[in-house]
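A.B. asks: Next come the chains, spelled out residue by residue.
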Amino acid sequence: MMNCRQASRLISTAMDRPLSRAEQLQLSMHLLLCRNCRHFRQQMQQLRLGIRQGRQR
Amino acid sequence: MTPSDADIEAERPYLLRYARAQLQDAAAAEDAVQDTLLAALQGRARFAGAASLRTWLTSILRFKLVDVVRRQSRECTVDLGEDLDLADLDAVFDGSGHWAHAVRAWGAPEESLLAQQFWQVYQQCAQVMPKRTAMVFAMREVMDMDIADICQNLGISATNCSVMLYRARLSLRECLETRWFQREAT
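Chains as they are written, first to last, in UniProt numbering: chain A, 1 to 57; chain B, 1 to 186.
Just chain B, same shape as in the assembly:
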């Protein structure tokens, strides 16, 4: 079944949310979604109906997002200094490499990770990370790309990629703990 204009347009808000979660740049996110919808309108005959419309559109959007990321990383000369500096982790661990503060269990995900709200907090937390680190994390966790693909697309080494993901995860953990799980507990 070929999707109508309205069917395709109806997915815009979802696609925008998806795009904004990975690009800090709202205008670029909107452009990517616009390109996706255009491509879908022109290529709707290719929509086989095997997957859901949303899945199909998301797969187009991913390609567009990777294009944006690739373009952005060409524009700004790669300075990974900020992203690879792990000095801010010194507060997380003590001098002997143990956790400076106890790591508490977060409770059952079904109860506390109410998808919509969690997503909002995640997006706020992603904003405080260095831009490129946030991007690598989004490519890995939101777009489900593997390390090799990310490295290739951004022109960074696997080791750097892994350091950035580590840093992103530690930073998100701290942020989520403060903004989400403590709020839950109170």
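For reference, chain A alone in the conformation it holds in the complex:
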């Protein structure tokens, strides 16, 4: 089972390239059990959204 450090790395990677099947599987297992990492993933999406909105101004 991967830890949060590894999971957060994959969450970041997923924002730049599609994950492999194995990576996806490992990550979703971790996310299922880990609220902190679910929040982290959400924050990363909000960060991207915030920048997209900000730069359009």
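These are calculated hints, taken from the structure and not from any lab test.
All clues stand as given, with none of them false.
Computed list of lysine to aspartate or glutamate pairs in DMTMM-like fashion (alpha-carbon distance at most 25 Å, straight line): (1) K64(B) - D149(B); (2) K64(B) - D146(B); (3) K131(B) - D16(A); (4) K131(B) - E30(B); (5) K131(B) - D35(B); (6) K64(B) - D16(A).
With chain A's structure known, arrange chain B on it following the hints.
C.D. replies: Coordinates of chain B only, in the frame set by chain A:
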């Protein structure tokens, strides 16, 4: 419709903001915007009007910014030591690789990510990152370039690029949490 001098000039403040968000170097940002406006004035016949003027100017600016970044990375010999050192992440995770502090939800983006203010905080936060890391992040998230393009332009490997983006995201998260979301909560 061909844009007038005034139409083009009116976009300068926007373009400057855009350029400054990616280059820590204010003078270089200004030069890039100046070059963009010049190119636009000379090439305005090519503006098809299919996109908005701002979109068209931004696309020119992007090329100019990539040029600057490329030039800068040629000038300073590539030492990625600082950028690839993940030791400062040791405080983020505990010894077993779990988050040292709970990661809280940030709340709905529509409410709290009020674009203008968020952007300002983002720019402050980007300043505290190592220069090259901030640059890679800006190329990815502000300029929407893909990893392959970034690697090619900066002459770094995809793995290094990915490490730098990871580091940038963790660092921005911490910084935004302190400067933005906690302020919101109080």
